[in-house]
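The hints should help you fit chain B onto chain A, whose structure is shown.
2 protein chains.
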Amino acid sequence: MKVIVFGGDGFCGWPTALGLSNVGHEVVIVDNLSRRKIDIDLGVESLTPIATIDDRLHAWKEITGKTIRFFQLDIAEEYHLLRELMRNEAPDAIVHFAEQRSAPYSMKTSETKRYTVSNNVNATHNILCAIVDLKLKTHVIHLGTMGVYGYGGQDSAMIPEGYLDVMVPTDGDYVPRRILHPVDPGSVYHLTKTLDQLVFYYYNKNDGVLITDLHQGVVWGTNTDLTALDQRLINRFDYDGDYGTVLNRFLMQAAIGYPLSIHGTGGQKRAFIHIRDTVKCIQIALESPPDKGERVRIFNQMTETYRVRDLAKRVQEMTGAEISYLENPRKEAAENELVVDNKCLLELGLSPTYLDKGLLEEIVDVAKRWRERCDVKRIPCVSLWTSSEGKTTK
Amino acid sequence: MKVIVFGGDGFCGWPTALGLSNVGHEVVIVDNLSRRKIDIDLGVESLTPIATIDDRLHAWKEITGKTIRFFQLDIAEEYHLLRELMRNEAPDAIVHFAEQRSAPYSMKTSETKRYTVSNNVNATHNILCAIVDLKLKTHVIHLGTMGVYGYGGQDSAMIPEGYLDVMVPTDGDYVPRRILHPVDPGSVYHLTKTLDQLVFYYYNKNDGVLITDLHQGVVWGTNTDLTALDQRLINRFDYDGDYGTVLNRFLMQAAIGYPLSIHGTGGQKRAFIHIRDTVKCIQIALESPPDKGERVRIFNQMTETYRVRDLAKRVQEMTGAEISYLENPRKEAAENELVVDNKCLLELGLSPTYLDKGLLEEIVDVAKRWRERCDVKRIPCVSLWTSSEGKTTK
Numbered sequence: 053m054k055v056i057v058f059g060g061d062g063f064c065g066w067p068t069a070l071g072l073s074n075v076g077h078e079v080v081i082v083d084n085l086s087r088r089k090i091d092i093d094l095g096v097e098s099l100t101p102i103a104t105i106d107d108r109l110h111a112w113k114e115i116t117g118k119t120i121r122f123f124q125l126d127i128a129e130e131y132h133l134l135r136e137l138m139r140n141e142a143p144d145a146i147v148h149f150a151e152q153r154s155a156p157y158s159m160k161t162s163e164t165k166r167y168t169v170s171n172n173v174n175a176t177h178n179i180l181c182a183i184v185d186l187k188l189k190t191h192v193i194h195l196g197t198m199g200v201y202g203y204g205g206q207d208s209a210m211i212p213e214g215y216l217d218v219m220v221p222t223d224g225d226y227v228p229r230r231i232l233h234p235v236d237p238g239s240v241y242h243l244t245k246t247l248d249q250l251v252f253y254y255y256n257k258n259d260g261v262l263i264t265d266l267h268q269g270v271v272w273g274t275n276t277d278l279t280a281l282d283q284r285l286i287n288r289f290d291y292d293g294d295y296g297t298v299l300n301r302f303l304m305q306a307a308i309g310y311p312l313s314i315h316g317t318g319g320q321k322r323a324f325i326h327i328r329d330t331v332k333c334i335q336i337a338l339e340s341p342p343d344k345g346e347r348v349r350i351f352n353q354m355t356e357t358y359r360v361r362d363l364a365k366r367v368q369e370m371t372g373a374e375i376s377y378l379e380n381p382r383k384e385a386a387e388n389e390l391v392v393d394n395k396c397l398l399e400l401g402l403s404p405t406y407l408d409k410g411l412l413e414e415i416v417d418v419a420k421r422w423r424e425r426c427d428v429k430r431i432p433c434v435s436l437w438t439s440s441e442g443k444t445t446k
Numbered sequence: 053m054k055v056i057v058f059g060g061d062g063f064c065g066w067p068t069a070l071g072l073s074n075v076g077h078e079v080v081i082v083d084n085l086s087r088r089k090i091d092i093d094l095g096v097e098s099l100t101p102i103a104t105i106d107d108r109l110h111a112w113k114e115i116t117g118k119t120i121r122f123f124q125l126d127i128a129e130e131y132h133l134l135r136e137l138m139r140n141e142a143p144d145a146i147v148h149f150a151e152q153r154s155a156p157y158s159m160k161t162s163e164t165k166r167y168t169v170s171n172n173v174n175a176t177h178n179i180l181c182a183i184v185d186l187k188l189k190t191h192v193i194h195l196g197t198m199g200v201y202g203y204g205g206q207d208s209a210m211i212p213e214g215y216l217d218v219m220v221p222t223d224g225d226y227v228p229r230r231i232l233h234p235v236d237p238g239s240v241y242h243l244t245k246t247l248d249q250l251v252f253y254y255y256n257k258n259d260g261v262l263i264t265d266l267h268q269g270v271v272w273g274t275n276t277d278l279t280a281l282d283q284r285l286i287n288r289f290d291y292d293g294d295y296g297t298v299l300n301r302f303l304m305q306a307a308i309g310y311p312l313s314i315h316g317t318g319g320q321k322r323a324f325i326h327i328r329d330t331v332k333c334i335q336i337a338l339e340s341p342p343d344k345g346e347r348v349r350i351f352n353q354m355t356e357t358y359r360v361r362d363l364a365k366r367v368q369e370m371t372g373a374e375i376s377y378l379e380n381p382r383k384e385a386a387e388n389e390l391v392v393d394n395k396c397l398l399e400l401g402l403s404p405t406y407l408d409k410g411l412l413e414e415i416v417d418v419a420k421r422w423r424e425r426c427d428v429k430r431i432p433c434v435s436l437w438t439s440s441e442g443k444t445t446k
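So the sequences go chain by chain: A and B. Each residue of the first sequence is one higher than the one before, starting from 53 at the first, in the working numbering. Each residue of the second sequence is one higher than the one before, starting from 53 at the first, in the working numbering.
Bound-form chain A, shown alone (with noise of 0.2 Å):
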């Protein structure tokens, strides 16, 4: 199939587009280079040397043989260049991960509430009045957060991929009725992907656009077997407050000597995927198209759930790092339960990688390898959630 990858310079989207090349697929990137000026901004980098994406590609021809086009475009603004660029394409599918995807970011400042927001909803506007426009039948793949439905306290309801059954009341009885999940988001950045939901309800209603998203939870790792083929193959990974997960921030901060910071109690429950298991769940969304006149489909992109304490002791047991409790800065529960239905990419045929297994490789083969290259004054999360909440993490 034809697939333009939008954001495919980025963390997913780089090993997501070489995933997809290798299997067969016949791969586009469209990216405006924004995660890399971004790093420039904020005065860091990716922990791992990332190569300039003209250099990406030509060793991934080198190699492999296979060819991956790539433009330079961005989709929120530029949208007669991507419409040209689809007219001329007319791909299979797209796969959409052109949005601003860091929560502490989108919380910084004004400029970068409203960039996120302009941002990610033009984008996701634009792809779809596109396809609508030059009347194609591309499917979109979207990655869409499990933080959509918030992360409230103590409720043991399972989430269910995407639709929740529920009884409405009707002249004083119950009917039952199906309904897009209620969403609660926890940051601006997470606000956007509840408006992208509805954004893609719409266009599947009315315009009958067939679309695929991926509710992913927090993606770790930082290598596939195909971006370990090459130095110039390597992905990043991001350990800053403000792009470092709360995995790889332990990891780095294991591998300089430092405690590993938890904001809160730790308690915080979240959603796990090896980026590997990205990468393969977006081949299966793209190979397992809806049908026709099918709502949007909508599934869970995790594997396992963790608390951050708990990530924490399991980096402490094989690193020997220490632990330190700091003041939370965003506005979230202590603690929460989380239980997942992620049943529909497993039946699809994914063979998760667990955190048991990754964690090594991990901390062996790239947080201590490049550790060298570490700016420790950028690992704390200085964003603030809300004005009131006084001074900064430290």
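A portion of the hints provided could be inaccurate.
Identical copies look the same in the list; a pair holds intra-copy or inter-copy alike.
[Unchecked claim] Pairs of lysine to aspartate or glutamate, EDC-like flavour, derived with a Cα cap of 20 Å:
hint, residue 1, residue 2
1, Lys257, Glu384
2, Lys113, Glu379
3, Lys395, Asp259
4, Lys383, Glu346
5, Lys160, Glu97
6, Lys429, Glu213
7, Lys187, Glu163
8, Lys429, Glu399
Hints in this document: simulated from the structure, not taken from any laboratory. These numbers come from a predicted model, not from an experiment.
Chain B only, in chain A's frame:
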């Protein structure tokens, strides 16, 4: 109180600004005059001869001695000017009408779809960003639409005021939960109002912004007692296929001796409210703000429901006009029920103007009085909801 009316030069905004000024509030109008500019693009104009904003404000001063200040700026595009204004004025409340509000216009082309999404989402988000950034206590009053819930068919459940009490499955049992009423937007315009609703939910929850969201029915009527004081204060009357509501188009057709054109069976039931009541509702909302810490307050702002064909019959009885049935360009149910809970505003003191009382005034004082200004060829609605539905309705 000091109130900024965003979109205060428009059909609802202008009479609202006069109404609030008249009862002693300090009113500032902010508008980019986009509604007048869209008329130029569409080659149409208000049936009533509306004065420039400067002439309107001079007339208001001359007649009442009251001052309304005006700032021309685009709040979706010029955040820094918006922030500066909010900082200087520190309003007690803002009324937010600054959105593209025509469903047919929002469906015309990719450009109008994209403009509607980007303008409406960014305008709403920028207002909230500025309030949070400046740590203001400003109460946000927003005009939403009854149409966010869709008009899906024969379901007779009453539409509650914003929230729905459902039963949710948990471990084999059901537990009660209050959720935002599920949405089902019928156009890109309606979609943007569902996006607004989530943006409000988030900023209320995370930052405690006080918000009243008024889910309005179709507004009819042209003048209030205040816009009728002087011809320079006259409100706009749109009868074109994009901005003219179904009732206005019937009135215009009757005034010029054309048949009243019904799209589909005319079984579509909609909620209505007179412009005088819109103004009164906003005054009520302004003077009864939510308490600190209260979630988004949502009122259904409508006073009666009618089927489109019954509306046509009512106009026919008063004018003798014929009725003709045409193909429906919208993708919607042919017939639907609609029962709306609107007790909140009635309890707060709204005393409605019903259609039976106000319709004759519209026929005589507006449609017949200004019929020489009508451009007959602009009455039909030519926006198609989907590309597959074939030819234009004439």
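Of the hints given before, which are not true for this structure?
-> 2, 3, 6 and 8
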